[in-house]
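Quick mapping for you: the protein sequence lines, in order, are chains A and B. Letter by letter, the first sequence follows residues 1 to 618 in this note's numbering. Letter by letter, the second sequence follows residues 1 to 401 in this note's numbering.
Worth flagging that the hints you see were computed from the coordinates, not collected in a lab. Certain hints may be false.
Derived pair list, reagent style DSS-like, types lysine-lysine, alpha-carbon separation capped at 27 angstroms [unchecked claim]:
1) A:Lys-386 - B:Lys-119
2) B:Lys-400 - A:Lys-386
3) B:Lys-208 - B:Lys-268
4) B:Lys-291 - B:Lys-268
5) B:Lys-222 - B:Lys-286
6) A:Lys-386 - B:Lys-396
7) A:Lys-386 - B:Lys-286
8) B:Lys-208 - B:Lys-222
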Amino acid sequence: MLALDPAFLAVQALSGLSSASSLFITACGLTIVFGVTRIVNFAHGSLYMIGAYTAATLVPRLLELSFGPVTFWAGILASAIVVGLIGVIIEVLLLRRIYGAPELFQLLATFGVVLVVQDLVVQVFGPQDILGPRAPGLRAPVEILGRRFPSYELVLIAAGPIVLGLVWLLLRKTRFGVLVRAATQDRDMVASLGVNQALLFTGTLFLGAFLAGLGGALQIPRVSAHAGMDLSIIAEAFVVTVVGGMGSVPGAFLAALIIGQLQAFGILVFPKSTLVVVFLLMAVVLAIRPHGFFGRAEIVGGTHAVGIASRALLPRRHFILLVVIAILAGIPLVADAYLLKVATEILIFALFAFSLQLLIGVGGVVSFGHAAFFGLGAYGAALAVKWYGVSMEAALPLGLALAALGAGLVGAFVVRLSGIYLAMMTLAAAQILYAVAFQWVEVTGGDNGIVGVWPAPWASGPIPYYLLTAALTVVTVLLLKRIIDAPFGYALRAARDSEARAEAIGLSVRQHRWLAFIIAGAAAGLAGGIYAFSRGSVDPSLLGISTSVDALTMLLLGGIQTVIGPLVGAAALHALRDWIMPITSLWRLFLGLSIIAMVLIFPRGLVGTIRDWWGARA
Amino acid sequence: MATTSTIRWLALGAALALGAPAAQAQQAPIKIGELNSYAQWAAFTVPYRNGWQMALDEINAKGGVLGRKIEIVSRDDGATTGSATRVADELVSREGVSLLFGSFLSNVGVAMADYANQKKIVYIAAEPLTDAVTMAQGNRYTFRVRPNNFMQVGMLVDQAKASGAKRWAIVAPNYEYGQSAAAVFKRLIQERVPGAQIVTEQYPALGKIEAGATASAIEQAKPDGIFNVLFGPDLTQFVREGNTRGLFEDATVLSLLTGEPEWLLPLKDEVPEGWTVTGYPWDEVKEPKHKAFIDAYRAKYNDTPRLGSLLGYMVMTMIRDSIERAGSTDTDAIIKALEDAKFDTVIGPVTMRGIDNQSTMGAWVGKLVLKGAAGGMTDWTYKDGASFMPTEAEVKAVRKD
């Protein structure tokens, strides 16, 4: 019925074009920055948000001066320039120091910037959402086939191709553009030819940030500036750049057009699954073309992978293990109910982070969406309780099985990829699951989540539940440790350090990685299931980006090159969070700065640093 | 001799040892836990915090309750179900609070009700409006002050009868509150307005509306009445797109909460005039007691009150009254003091109905109008909640306890 009305279709297609345009302007900046610096800048969405906030605050003041409509556009441009300068600051202070770092560290460092900006924006612009003024002269709608359509949207539709044209001119007709293209082709060669790299990179960041700010500023007449725009735009901008091929501007334009129309018409066919459609597109494109429409293969050197080294086993390891188990068992004797709760959570996160270590530290598979399996485990257990009324004893294995199944499915696609595309694919998988949990309201409860997931009577109460968690965690961690030390673990390490050599000696790299993915997913799923019962509820945030980043931060804090690093990291991070969160509302600022500091000055983490210090002394 | 004196000394020591903590306990404040979405939903919750803080200051200036001061331990609930119950657990097991109140989103309210039931602690849901908190998911530990969806939608549907609109569109955020309000509306409009039908339903994700697409999908269905449950940033964008496309020009619009200053002020001069809404026309309140509260609030914070300010103030005073009547902070005693209790609040008498733990606080119903540079309400009346509550039979049919 809806599909037969041509006027409606036309208006819907125009809406799609205008969101495509806005998306392209932002994503174009991201892809240029990636092309030159090879850094996937998570903070790009934050720059977009700053652009929107700045314009929504600045433009009304300019309009009060009553110089006519030109002030509106001058304000938009000024906001974009401000954001461009912020981009320069970020480049000089942070990015410049991590161009050579492993991509995991780059992703985490820029995510640290995201956290810092989230708190700073609220401090600077206040907690309220700000709706900007309408563009002067564009208040009235235009009639299209008898329907009213906002005239500002027409301006946005034009803005995309204009930006594309200007960027094309800049890249083709200026010396700066030639250098940017050369650096996108071969960064080292450009450096060898004596080009001032610092200036080139700073200029690129200015351009990228300027485009992000412009994209944000142009939104103010239609969307109110609010905290949270950063993550929603960055997810879509990632999809656009990955689908188009990282570093390709025309690719980004094409991808934005497709996504814009997909969203506009997707809302008619699947009114409640708009979020899934976008990420599904990315998964399909990556499955068929592993480097997007116009992307090219990355050269990944063995030096880029970081992970645990092979070391001699500690002489008194059995004794140390017994002491640790004794301490864990003894905690209920001294701790009160609340401390036990914190200890339970630390054990759960330790298991979660440790399962990720199998993938990253051992397998070299940098997963940026490990929350997918934590969440699957939690949802699997909660759904089993809600729909089938099973007991906790049955629900935990069911959650684990669901997570393993999900990991098997996702892993089958992921192991075909490498480097940044692999990280983006895992992120897409987690976002698809997040969207399913969020929008499949009938089954998952959507935003409401599922409540009433309480443990069986024998395990309820802080002490029994703590002991259960401790037992499950210790057993699983020991099993994983056994896998890491087995030939299977060594094969994974070989593939991580040199894929070509590993294949040459007859190892099936993809199959090994796929198995590792399933094992890690299952362990994360177990952690998720235990977590669901400790809280009594599940909600989509368990599958969100911040849960994945939590696990990565624990890994990094503990030390990515050590086996027990993630366990120590989980304890340190969670204890810190529990201590600091009630005191201050600036937790994200603190966490973000800590992540950045760790990447810059402390990349070996707690355990790694202590061991180096110990080794140097001995 | 020596024995007597030793015994005397021991007795004195024992008296000191036992007496000192007892004397201290008299002075130790009563700890109450509060949690709300201060970061995510600041527009409502910050004025709400101002409200309870003002009441708290007044109560403690008069010496507190039961001879003890009241101390509020306030936390951000993170606006998700998992985060809120985790924070609640911290308040209960580490801070040792006697009862909990707060939370904003309805899904968080339902999770908190479940938590209260599991941990057997009183939870006063100040704001969450979904019926579930006092109906299907209700329990003896959970109380609510504001009129729930059933009551507020009931007030609006009564206004819809006169308009003659029959083809209704629904637009609501896709989570507990929006789903609950839409379900009640569908039921009541068909019961009370003969011949009414629902021609389209739009459920954008909370905080993620595609306003242009949503407005044009509603336009496509050609409704003569629109029932809106959107609030916050979603509402602002929807109103702007709807105004541009002339969506509201020939339609009767019923809208929950839009007359509350927290959601009305961000619309600035784009207020959709003529919408029938529930809200808070504080600027036209005449009753002396209520007026005194508004004046005191404005003097203290140098800001105009929101509905959240009033609610925060009312909840705090009701908690004080309950603890005083209970004579202790024991959970069962407080529940007894709350059930079927009458409270003398700044807006008049309010009763906490015992059968579903829902208070009879009402709402202001009127039409939106532009007053100067911002919106306000006109033609409004205060509807007492008591006449809009679900019947006792309805409550008994759905409650599990």
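Hints, verified against the model:
no., hint, in the structure
1, A:Lys-386 - B:Lys-119, "holds (20 angstroms)"
2, B:Lys-400 - A:Lys-386, "holds (16 angstroms)"
3, B:Lys-208 - B:Lys-268, "holds (21 angstroms)"
4, B:Lys-291 - B:Lys-268, "holds (25 angstroms)"
5, B:Lys-222 - B:Lys-286, "violated (41 angstroms)"
6, A:Lys-386 - B:Lys-396, "holds (23 angstroms)"
7, A:Lys-386 - B:Lys-286, "violated (50 angstroms)"
8, B:Lys-208 - B:Lys-222, "holds (24 angstroms)"
Checked against the numbered hints given earlier, this structure breaks hints 5, 7; the rest are met.
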